[in-house]
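Engineer: Here is how the chains run, residue by residue.
2 protein chains.
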Amino acid sequence: MPIKPDLKLMQAAIDVAVLNKTPFGAVLAMGDEIFVTAANQTKSLSDPTAHAELLAIRKLAGHLQKTDLSGFTLYTTCEPCPMCMSAAIWAKVDGIIYGCSIGAISEFMDQINVRSEYMNKFALKQVKITGGFMENECYNLLRWYS
Amino acid sequence: MPIKPDLKLMQAAIDVAVLNKTPFGAVLAMGDEIFVTAANQTKSLSDPTAHAELLAIRKLAGHLQKTDLSGFTLYTTCEPCPMCMSAAIWAKVDGIIYGCSIGAISEFMDQINVRSEYMNKFALKQVKITGGFMENECYNLLRWYS
Chain A
300 MPIKPDLKLM
310 QAAIDVAVLN
320 KTPFGAVLAM
330 GDEIFVTAAN
340 QTKSLSDPTA
350 HAELLAIRKL
360 AGHLQKTDLS
370 GFTLYTTCEP
380 CPMCMSAAIW
390 AKVDGIIYGC
400 SIGAISEFMD
410 QINVRSEYMN
420 KFALKQVKIT
430 GGFMENECYN
440 LLRWYS
Chain B
300 MPIKPDLKLM
310 QAAIDVAVLN
320 KTPFGAVLAM
330 GDEIFVTAAN
340 QTKSLSDPTA
350 HAELLAIRKL
360 AGHLQKTDLS
370 GFTLYTTCEP
380 CPMCMSAAIW
390 AKVDGIIYGC
400 SIGAISEFMD
410 QINVRSEYMN
420 KFALKQVKIT
430 GGFMENECYN
440 LLRWYS
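Chains as they are written, first to last, in the numbering used here: chain A, 300 to 445; chain B, 300 to 445.
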């Protein structure tokens, strides 16, 4: 059964991105309840892996003291890169809802990101992926902060 | 020019794996100098992203206070998963030397890992990948600790 995207949850991902002046925000939610938010912090943390999605996964797993995030849905303003997609698969999230595709600003990024769909075929469990949710609002983040 | 694999550096990756009783150890080195080592800590840290390679990248980037790890080579006992491969690409490491392929123990893992080669085609720069270095020693880790 597809996961019904929730405007309020994506808005929270957009809000945390704006707060951090980055195009990339993420939320992990169960039902309509937000558990964690995170924004890209690669520069501020000097950490090339500190993408919003990865940070959200690490934060929630740390809070819950478990690596299995079944039951949670990842909202992210931008289509996850293969690192973040793999992290979501390892964490066994139920689904991923993303806003815009980063391919909008970079041909390379589109190429690296299309792996997402392919990788999903081999997921430990079928992660449900929905793209283009609140796409214009998320695309505006890329225009403002890239 | 291919990177010449160094027995001493892979042995350090094996040693840190053994020390942590996990099949997965990683080293980041420049020339023949080891800068950081890390072992898989997904369970001990309750972090599904705490693979050896990702931890090594985060540790070194944090030490150096920069996200660009050009000039470094990543040694890892096992073929990196797509998350770790992507992290290495984002970090712009020069090359990756790995021991055994995890496909040896799991058909699924082999499938998810074959993405590595494909992704590499789209790398920000061409990351040089060498597999099967000290393969038997690394495969023993999988047998002992999986």
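Hints were generated in silico from the structure; no laboratory data involved. There's no promise every hint is true.
Treat identical chains as interchangeable: a pair holds within one or across any two.
Derived pair list, reagent style BS3-like, types lysine-lysine, alpha-carbon separation capped at 25 Å [to be verified]: (1) Lys365 - Lys320; (2) Lys307 - Lys342; (3) Lys303 - Lys342; (4) Lys358 - Lys342; (5) Lys303 - Lys320.
Source: prediction; values computed, not measured.
Engineer: A separate judgement is required for each hint: does it hold in the structure or not?
Structural biologist: To see whether the hints hold, each was checked on the structure:
no. : hint            : verdict
1   : Lys365 - Lys320 : between (30 Å within a copy, 19 Å between copies)
2   : Lys307 - Lys342 : neither (28 Å within a copy, 33 Å between copies)
3   : Lys303 - Lys342 : neither (33 Å within a copy, 32 Å between copies)
4   : Lys358 - Lys342 : both (18 Å within a copy, 14 Å between copies)
5   : Lys303 - Lys320 : neither (28 Å within a copy, 42 Å between copies)
The structure does not agree with the numbered hints 2, 3, 5 stated previously, though it agrees with the rest.
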